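Those protein sequences? They're chains Y and E, same order as listed.
Sequential numbering of the first sequence, starting at 1, is according to the numbering used here.
Sequential numbering of the second sequence, starting at 222, is according to the numbering used here.
Hints are computed from structural coordinates only; laboratory data are not their basis.
Treat the hints with caution; some may be incorrect.
To be verified - Derived CB-CB ranges, DEER-like:
#, chain 1, residue 1, chain 2, residue 2, range
1, Y, Ala116, E, Ala291, 22 to 32 Å
2, Y, Glu185, E, Ser317, 29 to 39 Å
3, E, Arg377, Y, Leu52, 47 to 57 Å
4, E, Glu340, Y, Leu133, 23 to 33 Å
As the list claims (entries may be wrong) - Covered stretches of chain E (chain Y as the covering partner; in silico rule of three or more C-beta atoms under 8 Å from a C-beta of chain Y):
#, region
5, 297 to 307
6, 439 to 452
As the structure is a prediction and not an experimental result, all values here were calculated from the model.
We put the beta carbon where it would ideally sit given N, CA and C, even for glycine.
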Amino acid sequence: MDWQAFALTLKLAATTTAILIAVAVPLAGWLVLGHSRWRGAVEAVAALPLVLPPTVLGFFLLVLLGPRTMVGRFIAALLGHPLAFSFSGLVVGSVIYSLPFAVQPLVAGFAAVETAYVDAARLLGAGPVRMVLSLLVPLARRSVLAAAILSFLHTVGEFGVVLMLGGDIPGATRTVSIVLYNQVENFDYTAAAQTSAVLFALSVLALGAIYAARPGGARRG
Amino acid sequence: MVEISVKARRGSFQLEVECVFLSEWTVLFGPSGSGKSTLLRIMAGLDQPAAHGDEQARISLDGQTLTDSANGFAISPGRRQTSLVAQQPSLFPHLSVVANIEYGLRHLDRKTRKTRVEEMLELVDANALVKRRTRELSGGEAQRIALARALAPRPRLLLLDEPFSALDGAASDALLARLENWLPAYRVQTLMATHDATDAFATHAAVALLMDGKLEALGPANQVLAHERQRLLARIGGG
Numbered sequence: 001m002d003w004q005a006f007a008l009t010l011k012l013a014a015t016t017t018a019i020l021i022a023v024a025v026p027l028a029g030w031l032v033l034g035h036s037r038w039r040g041a042v043e044a045v046a047a048l049p050l051v052l053p054p055t056v057l058g059f060f061l062l063v064l065l066g067p068r069t070m071v072g073r074f075i076a077a078l079l080g081h082p083l084a085f086s087f088s089g090l091v092v093g094s095v096i097y098s099l100p101f102a103v104q105p106l107v108a109g110f111a112a113v114e115t116a117y118v119d120a121a122r123l124l125g126a127g128p129v130r131m132v133l134s135l136l137v138p139l140a141r142r143s144v145l146a147a148a149i150l151s152f153l154h155t156v157g158e159f160g161v162v163l164m165l166g167g168d169i170p171g172a173t174r175t176v177s178i179v180l181y182n183q184v185e186n187f188d189y190t191a192a193a194q195t196s197a198v199l200f201a202l203s204v205l206a207l208g209a210i211y212a213a214r215p216g217g218a219r220r221g
Numbered sequence: 222m223v224e225i226s227v228k229a230r231r232g233s234f235q236l237e238v239e240c241v242f243l244s245e246w247t248v249l250f251g252p253s254g255s256g257k258s259t260l261l262r263i264m265a266g267l268d269q270p271a272a273h274g275d276e277q278a279r280i281s282l283d284g285q286t287l288t289d290s291a292n293g294f295a296i297s298p299g300r301r302q303t304s305l306v307a308q309q310p311s312l313f314p315h316l317s318v319v320a321n322i323e324y325g326l327r328h329l330d331r332k333t334r335k336t337r338v339e340e341m342l343e344l345v346d347a348n349a350l351v352k353r354r355t356r357e358l359s360g361g362e363a364q365r366i367a368l369a370r371a372l373a374p375r376p377r378l379l380l381l382d383e384p385f386s387a388l389d390g391a392a393s394d395a396l397l398a399r400l401e402n403w404l405p406a407y408r409v410q411t412l413m414a415t416h417d418a419t420d421a422f423a424t425h426a427a428v429a430l431l432m433d434g435k436l437e438a439l440g441p442a443n444q445v446l447a448h449e450r451q452r453l454l455a456r457i458g459g460g
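Bound-form chain Y, shown alone (with noise of 0.2 Å):
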C-alpha cells in the first residue's frame, strides 16, 4: 500500500469536500429560495460534471489552466506556478468534477423543508443568510451530511480528471486511483487487491453513514 498517495487522497478529498460544501450550501439556498430566472441554467451547469466524461473535463481543465490561455498564465502569475500538475490544480479540478455530488442532495433536502417555516423565517425577517444558516441546514442537516460524504468518496475513487490535470507525480499528485491503476499495469494484482480493498472499505464505511443517519435507513427496525 502507498501511504503516501493514501495521504495525499485523504488532503484532497478533505480539501474538496470543505470548499465544496462552503460552495454549495449557498448555491443551493440560491436554488432553493431565490426566483432569478437564470436558476434553470445555473441548475444545469452545475449538473453537467456528471454527464461530461472525467477525461474530457480533465482535458478542458489543463487547457484552461495551462500557459496557454489568459486565465492560466493570471494564476500563474499570480501563483508563481501553473495550476496544471500540481496539488491546487487538483483541487481546482476535484470541486468542479464533485460539485453535482453536493449540490443535488442538498438542493433535495432544502427544497423538502415545509414552506410553512420559511414562510415563518420570512415574516419573522431572516434574509436569505440567515434563512440558509439557521433554518435549512440544521432541517435538512442528513442532506449537508450525505453531500459531505459523497463528495468526499467521489474525490477518493477520482481518476481521469487527476490523471489529465495532474499527471502522476509522487507527493504531489499520485492519489490511491493512480497508484491502483500503476500496479494493475505492473500485472502486481497483490498490491492491486489490497489498495482495491482499502477503497472498497472506506465507501462501505461512509455509505453505512449515510443511511445510519436517515430516518428510514438502518435504524428502522
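With chain Y fixed as given, assemble chain E onto it according to the hints.
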C-alpha cells in the same frame, strides 16, 4: 388603518376585495374556500398577485404603501411590520420554545430580548412551556407559542388565520380576552380570519363577511352576522 384593493386568480377561484379596515380588531368571516387565507397571505406579502393580466394588489397600512403591483412595488414580508399566525403553528422544530419566540428579535440587545420573551410568555400564558421541547407541545400549546413569536417583534398589523382552532372554547376565549387588552395598548391592528361565528361574537370586533372571494359586508358583528346569530341561538334553543 388598512386599505386593500386586491384582484387575484388562483385556478378557477377569483378573489376581488376592495375595502378599508378602520377598526382595531376586525374579524374576517367566511366559509372554507371563501378566500380568507389567500387575502391574508397577500396582505403579509407572502403571496404576490401576478404583475400582468387582470391581477392587481394595492395594500397600505396607516398610509404607508406595502404593495403596489401596478408599479412593481412590494415591501418584503419581514419589513412590513406585519405578522401572520396560521392555523398550523409551524414552530421551528429544531429550536427551543424561547429560541422560537426570539427569532424575530435579532435586532434587539440580549436584555431586551429576554424581557420581551418573558412578556410574550406571560401574555399567552405559556410560562410552564419554557422547558418543553417544541416537538412535544400539543396543538393548542404550539399555537400559543406561535402567537407569542408573531407578537414579539411588536408588529403594526397582526393577521390571524384561524389561529385558535386547536384550543378549546374556554382557552380560546381567555386568550382572546388577553389579546383584546394587550393589542390596543401597543397599537397593533388585528385582522382575524375565521369560519366560526362564535369567534366573531367573542370580541367587540367589526366583522367583514367574505363569500366566494367577494366582500359582502363590513360592520358590527350583530348586523353583519345577524343570520349566523339567529342560527346559533336556534341551535342552542333546540339543543
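Checked against the structure, which of the hints given earlier come out wrong? 2 and 6
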